[in-house]
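Asks: One-letter residues, chain by chain:
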Amino acid sequence: MLQQIFSLSFMTAFLAAAVRLAVPLMYGGIGETIAEKSGILNIGMEGVMLSGAFFSFAGAWYSGNLFAGLLCGMLGGLVVSLLHGLLSITLIQNQSVSGLAINMLMLGVTSFLFKLMSNGQGYQQIETFPNLAIPGLSRIPLIGDAFFNCDFLTYTLYVLLILTWIFYKKTNLGLSFAAVGEHPQAAESAGIQVKKYRWIVMVLNGLLGGIGGAYLVLVQLGVFTENMISGRGYIALATVILGRYSPFGMFGAALLFGAANALQIRLQTIGVSISPFLLAILPYALTLIAMLGAAGKNSEPEALSKPYIKGAR
Amino acid sequence: MSLLQMKHICKSFSGVYANKDINLTVEKGEIHALLGENGAGKTTLVNIIFGLYTADSGEILWKDKPADFASPREAIEAGVGMVQQHFSLVNKMTVLDNIILNLKGNSFFLDRADARKKLTDLAGKYGLYVNPDAMISDLSVGEQQRVEILKALYRNVELLILDEPTGVLTPQETTQFFDVLRNLKKEGYGIIIITHRMSEIMAISDKVTILRDGKQVADLVTADTNPEELSAYMIGRELSDDYHIEGSPKKEVMLELKNVSNHHRRHSRHKLENISLTIHKGEILGIAGVEGNGQKELAEVITGIQKTGEGEILLDGQNLAGINIRGRYEAGVSYISEDRQSDSLITGMNITENLVLREYRKLPFARHSIVNKAAIRKNAAEKMEQYQVRASGKSGIDTPVKLLSGGNQQKLIIARELNDNAKVIVASQPTRGLDIGATEFVRQQLIGQRNAGKGVMLISADLEEIMALSDRIAVLFGGKIVGVLTREEATVQKIGLLMGGISEEEAR
Numbered sequence: 019m020l021q022q023i024f025s026l027s028f029m030t031a032f033l034a035a036a037v038r039l040a041v042p043l044m045y046g047g048i049g050e051t052i053a054e055k056s057g058i059l060n061i062g063m064e065g066v067m068l069s070g071a072f073f074s075f076a077g078a079w080y081s082g083n084l085f086a087g088l089l090c091g092m093l094g095g096l097v098v099s100l101l102h103g104l105l106s107i108t109l110i111q112n113q114s115v116s117g118l119a120i121n122m123l124m125l126g127v128t129s130f131l132f133k134l135m136s137n138g139q140g141y142q143q144i145e146t147f148p149n150l151a152i153p154g155l156s157r158i159p160l161i162g163d164a165f166f167n168c169d170f171l172t173y174t175l176y177v178l179l180i181l182t183w184i185f186y187k188k189t190n191l192g193l194s195f196a197a198v199g200e201h202p203q204a205a206e207s208a209g210i211q212v213k214k215y216r217w218i219v220m221v222l223n224g225l226l227g228g229i230g231g232a233y234l235v236l237v238q239l240g241v242f243t244e245n246m247i248s249g250r251g252y253i254a255l256a257t258v259i260l261g262r263y264s265p266f267g268m269f270g271a272a273l274l275f276g277a278a279n280a281l282q283i284r285l286q287t288i289g290v291s292i293s294p295f296l297l298a299i300l301p302y303a304l305t306l307i308a309m310l311g312a313a314g315k316n317s318e319p320e321a322l323s324k325p326y327i328k329g330a331r
Numbered sequence: 004m005s006l007l008q009m010k011h012i013c014k015s016f017s018g019v020y021a022n023k024d025i026n027l028t029v030e031k032g033e034i035h036a037l038l039g040e041n042g043a044g045k046t047t048l049v050n051i052i053f054g055l056y057t058a059d060s061g062e063i064l065w066k067d068k069p070a071d072f073a074s075p076r077e078a079i080e081a082g083v084g085m086v087q088q089h090f091s092l093v094n095k096m097t098v099l100d101n102i103i104l105n106l107k108g109n110s111f112f113l114d115r116a117d118a119r120k121k122l123t124d125l126a127g128k129y130g131l132y133v134n135p136d137a138m139i140s141d142l143s144v145g146e147q148q149r150v151e152i153l154k155a156l157y158r159n160v161e162l163l164i165l166d167e168p169t170g171v172l173t174p175q176e177t178t179q180f181f182d183v184l185r186n187l188k189k190e191g192y193g194i195i196i197i198t199h200r201m202s203e204i205m206a207i208s209d210k211v212t213i214l215r216d217g218k219q220v221a222d223l224v225t226a227d228t229n230p231e232e233l234s235a236y237m238i239g240r241e242l243s244d245d246y247h248i249e250g251s252p253k254k255e256v257m258l259e260l261k262n263v264s265n266h267h268r269r270h271s272r273h274k275l276e277n278i279s280l281t282i283h284k285g286e287i288l289g290i291a292g293v294e295g296n297g298q299k300e301l302a303e304v305i306t307g308i309q310k311t312g313e314g315e316i317l318l319d320g321q322n323l324a325g326i327n328i329r330g331r332y333e334a335g336v337s338y339i340s341e342d343r344q345s346d347s348l349i350t351g352m353n354i355t356e357n358l359v360l361r362e363y364r365k366l367p368f369a370r371h372s373i374v375n376k377a378a379i380r381k382n383a384a385e386k387m388e389q390y391q392v393r394a395s396g397k398s399g400i401d402t403p404v405k406l407l408s409g410g411n412q413q414k415l416i417i418a419r420e421l422n423d424n425a426k427v428i429v430a431s432q433p434t435r436g437l438d439i440g441a442t443e444f445v446r447q448q449l450i451g452q453r454n455a456g457k458g459v460m461l462i463s464a465d466l467e468e469i470m471a472l473s474d475r476i477a478v479l480f481g482g483k484i485v486g487v488l489t490r491e492e493a494t495v496q497k498i499g500l501l502m503g504g505i506s507e508e509e510a511r
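Sequence order for the protein chains is A and B. Numbering-wise, my numbering comes out as the position in the first sequence, counting from 1, plus 18. Numbering-wise, my numbering comes out as the position in the second sequence, counting from 1, plus 3.
These are computed hints drawn from the structure, not numbers from a lab. All figures in this text were calculated on a predicted structure; none of them were measured in a lab. Using N, Cα and C, we set each Cβ at its ideal position, and we do this for glycine too. Each hint can be trusted.
In silico DMTMM-like links for lysine to aspartate or glutamate, alpha-carbon gap of 25 Å or less: (1) A/Lys214 to B/Asp71; (2) A/Lys328 to B/Glu62; (3) B/Lys218 to B/Glu443; (4) A/Lys213 to B/Glu77; (5) A/Lys328 to B/Asp71; (6) A/Lys188 to B/Asp114; (7) A/Lys188 to B/Asp124; (8) A/Lys187 to B/Asp141; (9) A/Lys328 to B/Asp59; (10) A/Lys328 to B/Glu77; (11) A/Lys188 to B/Asp100; (12) A/Lys324 to B/Asp342; (13) A/Lys188 to B/Asp117; (14) A/Lys213 to B/Asp71.
Sample of chain B residues lacking proximity to chain A, with all beta carbon distances greater than 10 Å (derived): (15) Lys121; (16) Gly145; (17) Ser234.
Please put together the full structure from these sequences, using the hints given.
Replies: See the structure below:
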């Protein structure tokens with residue numbers, strides 16, 4: 019069995035699966051990183067992704083166009099994040115409560131809409147986005163297939179990660195967006211409009227989280243099922259913390275989770291004599307252990323999830 | 004041309020005037036002091052200038068043109084900078100990043116090299132030295148203040164507003180700081196400085212505007228006035244500076260700390276190291292020091308809120324190790340905490356309930372876990388009378404504590420903590436934020452305890468208070484006791500050096 023595991027073909031396929039499983043988390047994670055760096059904790063990421071998944075399926079189904087589906091998915095995510103923005107920025111409500119409420123709400127809403135749409139019957143699969151191999155790079159042994167023989171959304175993600183990193187490290191606006199999450203009063207007295215900036219990050223949070231959900235439908239499965247995000251939104255939150263609020267840290271954390279998930283699936287298929295239920299715990303247990311390792315190293319934005327009231331201390 | 008003119012400014016919060024018909028003019032190259040007690044309306048006034056509040060009525064002229072800044076951004080762009088009492092700095096960013104945050108002239112990609120050079124030049128010009136690449140969280144309060152001033156100067160302000168800038172500085176740092184202000188004045192900056200310290204006003208300002216209860220009571224030229232006149236205007240009556248301190252402390256030790264350190268938690272920044280102190284019966288021991296040097300930790304280690312790491316604490320011979328907060332209170336440790344609203348009172352509860360927080364379990368307030376309301380109410384009525392606690396409105400003893408003024412809240416705490424059972428009173432910043440009347444009352448109570456033969460630890464950031472009340476003065480710096488002076492030895496100069504971490508030997 020060990021031979022089976024350590025063969026090149028197994029490892030190549032394993033890595034490819036790890037990346038594929040990680041990409042939705044990364045979209046959710048990058049959206050959440052951007053939001054949290056400016057002080058908004060969106061626990062409702064699960065709901066955002068679920069909305070993205072449903073509306074991308076509905077959009078693609080009715081229009082017959084995958085790009086139209088993607089757009090619908092992004093808008094679906096956007097609406098949910100804006101709801102969270104309304105509750106937490108404008109109405110100054112508790113962000114955790116708002117986020118949890120949104121998750122429950124969206125589970126109901128998407129299931130209900132899906133029932134209406136399908137009339138109780140199952141749907142056929144829709145087409146999915148094809149893989150586009152990058153000449154040369156995709157030939158690299160082991161990692162080439164995993165990282166450079168993907169769909170265009172994965173490549174877009176790479177670019178997004180790099181841009182986000184540059185944005186926070188090197189640009190004037192990036193500094194301002196980070197200040198809003200660290201010390202909104204200081205940001206306000208430096209002339210930054212805190213609420214406006216927080217609304218902007220919620221827009222990005224929704225669009226990116228929406229893509230994360232849409233990715234599952236439009237790239238991986240080609241079909242929507244009830245509660246299909248099944249905790250990925252929460253895992254995305256964990257990758258942000260584990261990645262210490264940096265885009266590449268988040269990337270690594272998501273990859274770790276993707277790898278753990280890919281491993282447990284593979285172990286199940288080659289028939290390791292461990293209960294599949296135990297194996298299914300692996301990714302979550304690994305995340306928990308990694309979180310324990312990161313404990314105490316506080317990189318959390320200081321004003322994270324604290325409501326901001328102008329003029330108040 | 005005046006830099007700033009404010010005419011007939013009024014501002015009220017829920018019907019109570021914070022500013023009533025205030026007129027203020029600041030010229031270029033002028034240091035204008037705003038003097039007044041807490042709650043006199045000084046901060047409200049400068050917040051109106053800076054665009055944080057909008058005046059209800061009145062007119063503001065900036066360089067002779069009407070100006071009504073709707074936000075700090077507009078104020079900064081026009082040339083008004085403010086260093087607030089609570090600094091507006093982002094802890095997890097460098098000095099440089101804090102200074103260039105959201106600057107108008109910034110290009111999309113930050114040019115940090117250029118900014119660093121400009122900052123270094125500016126810092127050199129005014130003597131405001133600070134490492135541009137240091138994290139704010141690693142800086143001392145004095146350094147952070149320099150960053151705040153640099154931040155304003157970097158934005159080319161012409162008027163600099165400083166809200167209680169010296170409260171966090173040692174006397175020596177204050178002297179340096181005043182040199183910086185004089186440099187700025189020479190360069191033609193207008194400066195508004197808020198303070199309640201007469202000595203500082205006399206030392207630095209050109210003009211003084213005095214506020215009392217939101218009203219403007221006097222405009223004086225500093226050269227033509229004196230501290231007595233200033234305080235008469237500020238308080239509205241003469242101050243008695245006499246405290247009736249009888250005889251000298253007894254020989255017997257009431258509280259002894261032997262090489263005490265606190266149980267140092269990973270996230271707490273302050274630790275106590277090797278603290279050895281004694282308080283005798285009938286003695287007030289003053290603990291001086293710049294805030295944040297372990298004062299809170301010291302108080303909490305004695306009262307049992309924080310765990311003692313090493314060393315032992317003896318109360319009248321009894322070792323307090325292993326005794327929890329309630330046990331220590333019952334053994335005779337009373338506590339007036341520095342943050343009365345979060346550590347001493349439950350502000351949502353009423354006066355009767357807050358008065359029995361320490362003893363609600365015991366007779367006569369409870370028998371077999373059943374509370375005796377009548378006894379609790381009787382206790383409240385008596386204590387309110389005895390300690391002159393005033394509750395506005397008709398609710399009397401049923402008034403929620405959050406509706407009381409700071410002074411009355413503090414009286415309530417004193418009424419609860421100063422009982423016959425107390426042996427040692429740990430009083431941390433007991434007069435902070437109180438008006439003159441309440442301050443007097445609190446001080447008299449502490450002296451009363453001393454004269455009754457109890458031990459008092461007076462932790463205060465107010466050096467004048469410490470020097471007026473203490474039999475001996477210990478100075479805390481960086482979690483260590485750096486010196487203990489008797490009342491006779493103590494001078495502001497000596498204590499100031501110790502507060503800055505310079506030991507007695509070096510000071511000589």
